[in-house]
Amino acid sequence: MTAVIAASNLSKWYGNVLGLNDVSLEVEEGITGLLGPNGAGKSTFMKLITGQMKPNDGNVTVRGQKVWNNPGVFQGIGFCPEQDIFYEDVTGWEFLTGLLRFYGYARSEIRERAARALDIVDLTDDKDRLIRGYSRGMRQRIKFAQAIAHDAGILILDEPLSGLDPLGKRKLIKLIKDFKHQGRTILVSSHVLPEIEALTSRVVLIHQGKILAQGDIPFIRELIEAHPHQISVRSSDPRALAARFVGDGSIQKMTFAADGRTLVVETHKRDEFFGRLTGVVLEAGIAVDEISSPDDNLQAVFEYLVGE
Amino acid sequence: MTGASAVRQVFGFFSFLVLKTGKTRVFAILGLMPVALAVIRRVAIHGRSGLMTAVFTEILMVFFLQFYIVILALFYGTSVTAEEVENRTLAYLITRPIPKPAIVLGKFAAYSLLMFAMVALSLTLSYFIMNAARLSDPELYLTFLRYLGVLGLGVLAYAAFFTFLGTILKRAIIVGLVFGFGWENVIQYFPGSTQKFSIVHYLKSLLPYNPANVRGGRGVALLLFRLEPTAPLTAILTLVVITAALLALACWVFRTKEYLYEE
Chain A
1 MTAVIAASNL SKWYGNVLGL NDVSLEVEEG ITGLLGPNGA GKSTFMKLIT GQMKPNDGNV
61 TVRGQKVWNN PGVFQGIGFC PEQDIFYEDV TGWEFLTGLL RFYGYARSEI RERAARALDI
121 VDLTDDKDRL IRGYSRGMRQ RIKFAQAIAH DAGILILDEP LSGLDPLGKR KLIKLIKDFK
181 HQGRTILVSS HVLPEIEALT SRVVLIHQGK ILAQGDIPFI RELIEAHPHQ ISVRSSDPRA
241 LAARFVGDGS IQKMTFAADG RTLVVETHKR DEFFGRLTGV VLEAGIAVDE ISSPDDNLQA
301 VFEYLVGE
Chain B
1 MTGASAVRQV FGFFSFLVLK TGKTRVFAIL GLMPVALAVI RRVAIHGRSG LMTAVFTEIL
61 MVFFLQFYIV ILALFYGTSV TAEEVENRTL AYLITRPIPK PAIVLGKFAA YSLLMFAMVA
121 LSLTLSYFIM NAARLSDPEL YLTFLRYLGV LGLGVLAYAA FFTFLGTILK RAIIVGLVFG
181 FGWENVIQYF PGSTQKFSIV HYLKSLLPYN PANVRGGRGV ALLLFRLEPT APLTAILTLV
241 VITAALLALA CWVFRTKEYL YEE
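Line by line, the protein sequences give chains A and B.
All the letters of the first sequence, read from the start, carry residue numbers 1 to 308 under the numbering used here.
All the letters of the second sequence, read from the start, carry residue numbers 1 to 263 under the numbering used here.
Take these hints with a grain of salt, some might be off.
[Claimed, not checked] Some chain B residues judged to face chain A by a derived CB distance under 7 Å, without partners named: (1) PHE13; (2) SER15; (3) VAL18; (4) LEU19; (5) GLU83; (6) ALA91; (7) ARG96; (8) PRO99; (9) LEU145; (10) ARG146; (11) PRO191; (12) SER193.
Derived by calculation from the structure, the hints in this document are not laboratory data.
Beta carbons are placed, not taken as given, at the ideal position from N, Cα and C, and that holds for glycine.
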């Protein structure tokens, strides 16, 4: 399959700060997830492929064309920025129709496209309200609407799910997947693994401006599995609980937290541990108040992968 | 989309958008100040039948020429590009299939038209309220048109200067204030050719020397103080060249410069 977006040896620095370091990446048709903690370089990469920045080194092309100062290429690109930024004093309708003017459509087509995009993001009833008065979720949806209103073949979505409620997230995830089935190329960034996992199996891990790993979800999961997880279990009798797990081979280490009520377990086999925990709790009748995984976040995984 | 068509679309979008901003409301109210003064002057001090002197016209022209058009151009001109960067809305514009210079030219045209409309409305009302007793005098209308033309050229030249400033500087307003109310105010009174390094010199060179021959009037003596005028045609050409050159520079800078948002 040929690359729709191709970056080769792409580097970008802000003064002394390295934003992106020698990144080479090919994005093909379908959904590709760009996964990384905040400040990893996801937005920098997206700004480079949407011509908002020019690289200090390397080059980037979209469908074989350079991006910087090449307005023609944007006929086929829809971009949803990460920041919560708008022309605040216009209504959702005015915002969409205003931006659609830049594609050279006739007035009737502009209205038609704006109405369709608003319908897709469920904002038809609020189209005449000022954006200033929109909720966070509505703002996120109108931002998404402006990226899809011109039916671009390539969608660059920078953290599109942030700020949405669970229902809104589910709807948007379904929508993005529908776009995939229409043969579009979609690059989505997020710092939340389950969000990316719900969207695609093709993932690029980015950290400190470098691509750490890329592949499908099982591959990434394997990397994550190698990372010992910490799980905290707060219960009425943490010592009794610990006694039940002493002989369990999946557990590497157990400690008690300072509050005297929390058992902290370190394991390589998280799913296996959770399976055993359910059985133990039911069997011994130990009341469990809370289960949390303090390092179950990307930052911890990345730190593990880069050996910090 | 072709360049001209893109400029037209940007113009259309921002002509609409700029009307909704608080800035426009503030400057429109500011434009009512000379109108209110004209009414007060005419009704309260001189009475309805009194012949207004050119002195007051002169004061009004000082307001328009050395304050109103400068402050309008400063705030609207610098915001052509700077507000997009500061508000981070630039991403919505530069990821569209329109050339970057079209953004500058379209916004410049939209803002200039708005500025001119505000100036024209304010001047028209204040001028004719003050000269209401002479409405049958054809000379009055010629003088008015001349004032309007001078202010129109002033709006364009200043706006182009501040637009350029906005593309190259992060804090263009501060530098603009120093230029508009420092440099322009001082340099115009320098003798010889030094005063030609100001925009206001060329605008003043186009003012009528003896406007409307009003009885007891002094023309625009205050405005013409120490002026060593440039020939009208040369002044017009200079203003047009200043406007065109600065706009071309602004377009070039905006096209080649990378704007990074402050985190």
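Closest C-beta approach of LEU145(B) to chain A relative to 7 Å, hint status:
violated (35 Å)
Verify the interface restraint on ARG96(B): the C-beta must sit less than 7 Å from at least one C-beta of chain A.
holds (4 Å)
Go through the hint on ALA91(B) and say holds or violated, using the shortest Cβ distance to chain A against 7 Å.
Holds - the Cβ of ALA91(B) comes within 7 Å of chain A, reaching about 5 Å at its closest.
Return the status of the interface hint for ARG146(B): holds when the least beta-carbon distance to chain A is below 7 Å, violated otherwise.
violated (37 Å)
Do the numbers back the hint for PRO99(B), that is, is its least Cβ distance to chain A under 7 Å?
holds (5 Å)
Taking the closest Cβ pair, is SER193(B) under 7 Å from chain A?
violated (40 Å)
Given GLU83(B) as an interface hint, is the shortest Cβ-Cβ distance to chain A below 7 Å?
violated (10 Å)
Regarding the hint that PRO191(B) lies at the interface with chain A, is the smallest CB-CB distance below 7 Å?
violated (47 Å)
Going by Cβ atoms only, is LEU19(B) closer than 7 Å to chain A?
Violated - the Cβ of LEU19(B) stays beyond 7 Å from chain A, reaching only about 9 Å at its closest.
Minimum beta-carbon distance criterion (7 Å), PHE13(B) to chain A:
holds (5 Å)
Can VAL18(B) be said to touch chain A, with a Cβ gap under 7 Å?
violated (10 Å)
When the least beta-carbon distance from SER15(B) to chain A is tested against 7 Å, hint result
Hint violated; SER15(B) Cβ to chain A Cβ min 11 Å, cut 7 Å.
In this structure, the earlier hints numbered 2, 3, 4, 5, 9, 10, 11 and 12 are contradicted, and the remaining ones agree with it.
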